[in-house]
Each structure stands twice: as C-alpha cells, then as structure tokens.
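Listed below, chain by chain, are the residues.
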Amino acid sequence: MTTEYINICLADDDQDDRLFFTDAFDELKIKTKVSTFNDGVELMNYLNDADSVLPNVLFLDLNMPKKNGLECLLEIKKNENLNDIAIAIYSTSSSEEHIEETFINGANIYIKKPSDFETLKKILAEVVTINWQYHTSGLNKDNFLMRM
Amino acid sequence: MKDVQLRNSTIFLKIIFVISAAVIFFIAGITFKHITVLKKSSKWVEQSHNVNMELERLISYLKDAETGQRGYILTNDKSFLTPYTESKTLIRDSYKKVSALTENSRTQQANLKNLLFYINKRQNYLSKTLYLTQQENYDKKILNNYLIIGKSAMDSVRTKIENMMSTQQNLLQNRQEDYKSTMNYTPLLIYLTLLVTLVLITISFIKMNRDLVKLRKTINTLSVANEASNLAEVVGGFGSWQYNLETNEYNFSDNEYRLLGVKPQSFKPSLEEFLKFVHPDDIQYVIDNAKNIPTNSILPPFTYRIIRKDGEIRYFRTLGRVVTIASGERTHIGTTSDVTEEVYANKFIEDRNRELESNNKELTAFNYIASHDLQEPLRKIETFLSRLVTKDYSNLSKSGQQYVTSIQSSAQRMRILIEDLLQFSRTNKTEKVFEDADLNSLLENAKQELTQIIEEKQAIIESSELPTLKVIPFQIQQLFINLIGNSLKYSKENRTPIIKITCSKIVANDDEFLPNNNMKYHKIIVEDNGIGFDQEYVKKIFILFSRLHNKNEYEGTGIGLAICKKIVENHQGFIFAKGVLNQGAAFFIYLPID
Amino acid sequence: MKVHLKYNYPQLTKKIIQDKLSELGYKFKIIGFGEFVFLEKIPTEKMMELTEQFQEYGIEVVENQKSVLVQKIKDVIVEMVNSEIPLNVKSSVHIAEKLNLSYVHLSSIFSEVTYTSIENYIIIQKIELAKQLIINTDMNLTEISIQLNYSSVAHLSTQFKNNTGMTPSAFQRIIAKRKEFTNNNS
Numbered sequence: 001m002t003t004e005y006i007n008i009c010l011a012d013d014d015q016d017d018r019l020f021f022t023d024a025f026d027e028l029k030i031k032t033k034v035s036t037f038n039d040g041v042e043l044m045n046y047l048n049d050a051d052s053v054l055p056n057v058l059f060l061d062l063n064m065p066k067k068n069g070l071e072c073l074l075e076i077k078k079n080e081n082l083n084d085i086a087i088a089i090y091s092t093s094s095s096e097e098h099i100e101e102t103f104i105n106g107a108n109i110y111i112k113k114p115s116d117f118e119t120l121k122k123i124l125a126e127v128v129t130i131n132w133q134y135h136t137s138g139l140n141k142d143n144f145l146m147r148m
Numbered sequence: 149m150k151d152v153q154l155r156n157s158t159i160f161l162k163i164i165f166v167i168s169a170a171v172i173f174f175i176a177g178i179t180f181k182h183i184t185v186l187k188k189s190s191k192w193v194e195q196s197h198n199v200n201m202e203l204e205r206l207i208s209y210l211k212d213a214e215t216g217q218r219g220y221i222l223t224n225d226k227s228f229l230t231p232y233t234e235s236k237t238l239i240r241d242s243y244k245k246v247s248a249l250t251e252n253s254r255t256q257q258a259n260l261k262n263l264l265f266y267i268n269k270r271q272n273y274l275s276k277t278l279y280l281t282q283q284e285n286y287d288k289k290i291l292n293n294y295l296i297i298g299k300s301a302m303d304s305v306r307t308k309i310e311n312m313m314s315t316q317q318n319l320l321q322n323r324q325e326d327y328k329s330t331m332n333y334t335p336l337l338i339y340l341t342l343l344v345t346l347v348l349i350t351i352s353f354i355k356m357n358r359d360l361v362k363l364r365k366t367i368n369t370l371s372v373a374n375e376a377s378n379l380a381e382v383v384g385g386f387g388s389w390q391y392n393l394e395t396n397e398y399n400f401s402d403n404e405y406r407l408l409g410v411k412p413q414s415f416k417p418s419l420e421e422f423l424k425f426v427h428p429d430d431i432q433y434v435i436d437n438a439k440n441i442p443t444n445s446i447l448p449p450f451t452y453r454i455i456r457k458d459g460e461i462r463y464f465r466t467l468g469r470v471v472t473i474a475s476g477e478r479t480h481i482g483t484t485s486d487v488t489e490e491v492y493a494n495k496f497i498e499d500r501n502r503e504l505e506s507n508n509k510e511l512t513a514f515n516y517i518a519s520h521d522l523q524e525p526l527r528k529i530e531t532f533l534s535r536l537v538t539k540d541y542s543n544l545s546k547s548g549q550q551y552v553t554s555i556q557s558s559a560q561r562m563r564i565l566i567e568d569l570l571q572f573s574r575t576n577k578t579e580k581v582f583e584d585a586d587l588n589s590l591l592e593n594a595k596q597e598l599t600q601i602i603e604e605k606q607a608i609i610e611s612s613e614l615p616t617l618k619v620i621p622f623q624i625q626q627l628f629i630n631l632i633g634n635s636l637k638y639s640k641e642n643r644t645p646i647i648k649i650t651c652s653k654i655v656a657n658d659d660e661f662l663p664n665n666n667m668k669y670h671k672i673i674v675e676d677n678g679i680g681f682d683q684e685y686v687k688k689i690f691i692l693f694s695r696l697h698n699k700n701e702y703e704g705t706g707i708g709l710a711i712c713k714k715i716v717e718n719h720q721g722f723i724f725a726k727g728v729l730n731q732g733a734a735f736f737i738y739l740p741i742d
Numbered sequence: 743m744k745v746h747l748k749y750n751y752p753q754l755t756k757k758i759i760q761d762k763l764s765e766l767g768y769k770f771k772i773i774g775f776g777e778f779v780f781l782e783k784i785p786t787e788k789m790m791e792l793t794e795q796f797q798e799y800g801i802e803v804v805e806n807q808k809s810v811l812v813q814k815i816k817d818v819i820v821e822m823v824n825s826e827i828p829l830n831v832k833s834s835v836h837i838a839e840k841l842n843l844s845y846v847h848l849s850s851i852f853s854e855v856t857y858t859s860i861e862n863y864i865i866i867q868k869i870e871l872a873k874q875l876i877i878n879t880d881m882n883l884t885e886i887s888i889q890l891n892y893s894s895v896a897h898l899s900t901q902f903k904n905n906t907g908m909t910p911s912a913f914q915r916i917i918a919k920r921k922e923f924t925n926n927n928s
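Protein chains in written order, with this note's numbering: chain A, 1 to 148; chain B, 149 to 742; chain C, 743 to 928.
Keep in mind the hints are simulated off the structure, nothing from the lab.
Here the structure is a predicted model, which means the values were calculated and not measured.
Check each hint, because a few of them may be wrong.
With a straight-line cut-off of 27 Å between C-alpha atoms, the simulated DSS-like cross-links for lysine-lysine are [to be verified]:
{"id": "1", "chain 1": "A", "residue 1": "K29", "chain 2": "C", "residue 2": "K808"}
{"id": "2", "chain 1": "C", "residue 1": "K919", "chain 2": "A", "residue 2": "K141"}
{"id": "3", "chain 1": "A", "residue 1": "K112", "chain 2": "B", "residue 2": "K580"}
{"id": "4", "chain 1": "A", "residue 1": "K67", "chain 2": "B", "residue 2": "K509"}
{"id": "5", "chain 1": "B", "residue 1": "K580", "chain 2": "C", "residue 2": "K921"}
{"id": "6", "chain 1": "A", "residue 1": "K67", "chain 2": "C", "residue 2": "K921"}
{"id": "7", "chain 1": "C", "residue 1": "K744", "chain 2": "C", "residue 2": "K757"}
Assemble the whole structure, with the sequences as input and the hints as a guide.
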C-alpha cells in the first residue's frame, strides 16, 4: 500500500515523553503522520477498529496503566490483521532477560528511551527508515530485529 | 530363628518324654513278667519240694508202719503197732496231698497210681503179715514169703517214689529250663533299656541345659533391650504403644504416660482415655486417623495437639505399623513423639521466611523505583536540558551556558551511577535459572559485544578450551565482558593488548588463594599486558564504586569488578587478582566442580 | 497440523504478474524483476483495473521515473549482494557501470526517494542476507563473512551490531527462542 506518509503510533502514558516523540518527528525530514495514545486500552481500541488507518510502526511503552505494553504486544501478535505492523518497544531501562523476552514475544525493535533529544531523533529516523526499507524491498519482516 | 529352635526343642522334648515313658512302661512290663516268672519258679520249687517231702513222709510213714510191724513181730508188743495203725491215715493223707500237688502232671498221676498199687500191696502184706503173726501157729515160710513180697513191694514203693522224685526233679528242671531263658535275657534287656534310657536322658539333659542357657541369654538380651528401649524413649522424648489386633487391647509404654504428664500406667490404656488429653479441636482428626489402626497395616504419621495434665499444650506426632510377632499374632505397633520443638522451630523458620520475603519484596520495589521512577525524572531533566541547549543555548548568558553545561554533566554522571547501581542489584540469584552452558560460547558472545573496541585497539584474545558448566549464562557472559572490557580499557598505549584466557582443574588444597579443603574447582585465569595495578590495592578494586583512577583518566564508575565478584559468588565461586604496575593484571576465577 | 513456509519473492511476484497479465489477455513480456512490457496498446481503464488488482497483492505500479530508477538500483544491489562471485571493483563503480549513469546522480535520486543512501542500502541487504544465512544454514560467522565479502569476521560482527544493535549470536538465539515460543503457543 503506497502512501506518501509513514504512519506512526505511540502508546505512552507520560505526557513529556509524548511531547518529545512528536517534536522529534516534527523535526525529521521524513513524511510521517503521528498519533499518540495515553494507555493500552485506547491503543487497542484504535487498532481493533476496522476504519482505523493502521500504523507502519507502533511504538509501545511497557509501563502503562490499564493495559501495559506487553499485554498489547501479545494481543497484537495474536491478531492477523495487525501482522504487518512493526512493533517497537519504547521503554526505560530493562534487564537483559526482559529485553530478550520482548523480542521473543514478537517485538521487532527495542528502544531504550534516550536522555538526549538529538539521540532520540536519530533513533527514530533510523527505525523508520529501516522499517521503510523492509516495507519497500520485500524483506522478511520476521527477521526484522533491532536494538537501540 | 531362635524361636524356631525353641519350638524344635519342645517337640524334641515331647518325643523324648514319650520315648522315656514308653521305655519305663516297657521296663515295668518286663519286670512284672520277670517277677511273675520268679514267683512261678519259686512256687514250682516249693511244690516240688513239697512233693518230695510228702513222698518222703509217705515213705517214712510206710517205714514206720513197717518198723512198727517188725517191732511187733519181734516183741509181740502191741505198742509197736501204734505207728502202724496211725500210718494208714497218714499214708492216705500224704498220698492225697501228693496227688493234689501233682494234679497237673499226668506222668506223676500215673506214677501215683502205680505207687498206690505198690503202697496198697505193701500195706496189704503188712496187714497179712500181721494177721499171720497174730495166729498161734504160723508158717514161717509163709511169713518169710510174706516178708519178702512185702519187702519187694516196699522196694517197688521206694523205687517208685524215687522215680517220682526224679520225675518231679525232671519236671522241675524242665520248668526251670523254660524260665531260664526268660530269666537270662530279662536282665540283659533291662540293662540295655536302662542304658538307652540313660543315654536319652543325658541327651535331654544336655539339650535342656543348652536351651536353658539360650533362654537365659535371650531373657537377658530382652531385658537389656527393654531397658534400652525405655531409656531411648525417655531420651528421645517419645512413647510407644501396641494394639493387639486379636484382643483389641492397647498397651502403652511408660514414657507414653510421661509424655502426657502423668505417672506411668496410671490409667488403663485405651483410645478413649488417650483422647481425654487431646486438644478439643483436634479430637475428630485424631479419631479419624485412629480409625485406621485396626484395619490398615500402615498408619502414616499425623500431628495433633494434646493438653498435658498441667495445662501445657504440646504437639504430638503418631505413626504406626502392623507387625507379626513370633507366635503369628498381629500387633499394631506405633510411636508417639513430642514434636513441639520441631513445630515451633518450623513456625519460626516460616516467620523468618515471611520476613525475608517481605524484605525481598521491599528490595524489589526499591529496585523498581531505582530503575523506573528515579531514572524517569532524571531522563526528563537531561532531555529537556538537551532541548534547551539545542534551541536556546545562544540566548543564555556566558555564565548561564556554563551552568547548563555543568548541570548536564552532573545529570549524566548521576544517570550512569543509577544505571550501574541498577545493574549491580540485578546481579542476584533469585529467580535466575542455572543451566548447562558452554563457556566457550559465552566467551565468544562476550567478544562479539566488544567487537568494536577489540578492532579499535587491534587486541589479540587467546583462549584455551573452557568447560561446560551449570551457570546463569547471562551472568557468566557479563563476567567475561567486564573482565575483557577492563583489560581493553586499561591497556597500555602503544602496546598491542594481548589477553590470555586459560582454564584448568584444581583441588582447593593445592591452590594459593583457596581455603584448605578437598573441594575441586575450575580455575579460569584472565590475564592481560595492560597498565596493571599496585598489588597493595588488590582488595580495594572489588569494592563497589571504588576506583584506582579518577574519572578524567579512565571512564567508569568502579562497578565492573564489584559485579564480577557478585557473579562469581552467585555461583559459589571465588575471584582474586594479581597485578604488577605497568606490566599487567591477572584475574583468577574459581567455579566449583559439582 | 502446522506447516512452515519459506518465500521466494522473485518467483512469487513473477507468477502473480504472469497470471494476472494472462487473465487480462494482452500480450506482454517480462523483462526483469520489477519490469515487464506490453506488446500492444492497452486502454487506460484496463491499466487502472490492473493497477488495482496488483495493489491487492501489494504490488505497486511505479509510474514515477525516479521510482523506476531507484527500483533498478535496488535490483542491481540485491543481485550484487546475493552473488557469490566477489566483486573486483568498488560497489559504487559497479552500480554506475551497470546502469550507465553517474554514481552521484544515482545517489541523490536514491536518497530522495528512499530516505536512505545507497551505501546504507547495501549494508541493509548484506545484513539481511547474513540474517538469512545465520537462521537457515549451518554456516559459521567466518564463512558468512567470506561469502558476503567482508574483510574479517570482526567487520561483519561490527556492522551487524551497528545495524541491528545486537550481536549475530544474540540474534540467532532470540530467533530460535521466538520460534520455540510461537510453537508452544499455537
């Protein structure tokens, strides 16, 4: 499906993080459409809605109230309609085992939230472009694993 | 075993007794027979003697008659005729006696008849002679004739009597002959039997003696065992009971009573009596379990409370089993132990565990706070600062710019410290899985993680074959990363870093670092040719956050080796270090071989 | 019953295109991986119909000239990376020669359309192939690095880690555990 824009979604309960995120994409040259959600329930409701435009890349914070990132991840992976979405876990630091666990559960990308805005921009740009390559070059998304 | 022996003894003794009785009866029988024979024999002798005597008398009477007659004939004195007249009756009586005495001998009866003939004949001629002599004139020739015939009759009588006497003698001898054999072998038999009996009795005696000795020993052993068992009960704080499945009766040991706080055998042992001591809440439980005693062969242990006579509550554990004893009876034997201390100790441990768990939960919560809640505001600070710098740096005053820069570096330092702290507290053992891992792979992974620096420094890493061990793989990998990373970080400038990793098996006794015992370890040495360190500070380097260089010389927070130490301790191992300034450092890791 | 699939994308797409074009009934000839030509004129509505049908398969009819060029560049790169024959020239030279255009020109158009540089794309393709080799074959890293024209294993590891953020062995481990996970959960 060609669109001019790359669709991005973020689910994060932290207001500041949402702000950083949207600002970063604003400053990037890539054509993107960014939607943010405050918690897992809001996110899943959107994704499960038949009329919704599904994102190319979904950024998931792990620690959210009502429904946390891991629960969303598992739910999305079980849903065939949502198989095309590249899922990036966007979280504060976790243990090695925990990070590996998110990959095993189906996440494509793990991003540790950086402490510097420029770094954030760089990371997001890289994620989106690599994802775009997968998308446009017919590469196997199952092998799409990235850790930043 | 002894049991069977004793049983055999009983049978053996019974047999001996029966044999002995039989023998005695046998002897009695024989003796009786012998005596009867003796009696008979003596009777016969007597009889023979009587016969002979009578016959002598007979002849004597006849002789008297003869003599009397002769005397009369010579003297014509009538007084001489008295024996003659008396003799008739006497002879007749005597003859009757003999006849009676020889009733059972036909030979003698025949002889008697014969004798009678001659006696009669003699008497006849005696009276004839007498009659003749009483005549005035008598013919001497006839007298002579009569006398000669009379004499021959008398001779015949005499002969006959002698005949009869010898016959009697023969008869007697024949009879004696009969008895002789009996008489002969009877004593032999008796002696033989007596000998046999003597032998049997001796055997019985020996056997009984032995059995007695055995019994005595057994009784001794039993007494000792009984005493020991009683003592064991007192020392061990338990009592024992028996339930006889045939008689449905209980038996309590002395200590069973003492456990309840009462005098031994102070009440008749029974379930009802025991239940009186059981805690009211546990009575049904005990009853339910005790129901199994008559029916099941095993009574599994169950714990309940009792209230002693003095009001103290104790915890008891009872268990039992059916045992078949020597006589074939089945008895249910069980013990009751006072496990109050154990129960309390367990409770104590459970309480401590709960305490530790809640401590652990608190620590985990702290962990979480440190990772998420503390890092979060710090990250915001840094991010907003970076935004500030990007957008408004030029708008700040000189001092403002300086301040912001300082704030940034402090915030960064703080973040790194918190990250390191977090990593350190994550290096624990709880909920970590120990699995078999090839240490060579883990080393490879570590080298891959450090690829960039290895490339940069053109470092050479040599390793010998490492074992496969049960470890927490991530942690051992981290151990290698930290040590090799350090070697790379603290490498000497202008010198190609060479890092050697070797492994060997050693026994604690033989090693310079380990305590003296026989435990076996894998000894892994990571040594480098970097800047080394002063051996004086060897203990310091493993301390959390302790560094030998300041942050301007070499970056780092001083946590790497502390983490290494923790990892090694998680695996029940040891880590030591040796360093020579400007030459290099070596780290010795010991992991137990289990 | 579970079935595992592996896709041969060139073959897959070619078949779809062939089937669809045959259905359409117009004469055509397939030239390359992403190119075919109609041998007769085709009305616009039919073209639109075809475009729509292709869209269902995720096949995009590229109309933009620039996109066409980019696709060609990508094709060359994919072929280059996948060939087992090592290159004697620098990849930039090779591509320029192949397409008969200046490398600078190609670079700028490529970046404009794909948001990434040719060099980066080459690396992406190489790493992608490396991933496939790691998962699907028994080759060790040394062999893979040779096949992919790396100067050393370390070079491959570094690039792999830079690109994906994890070491090749970590990648391998995670993919294996992921397979196990999905096996257990379906």
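Hints that the structure is at odds with (numbers, increasing): none
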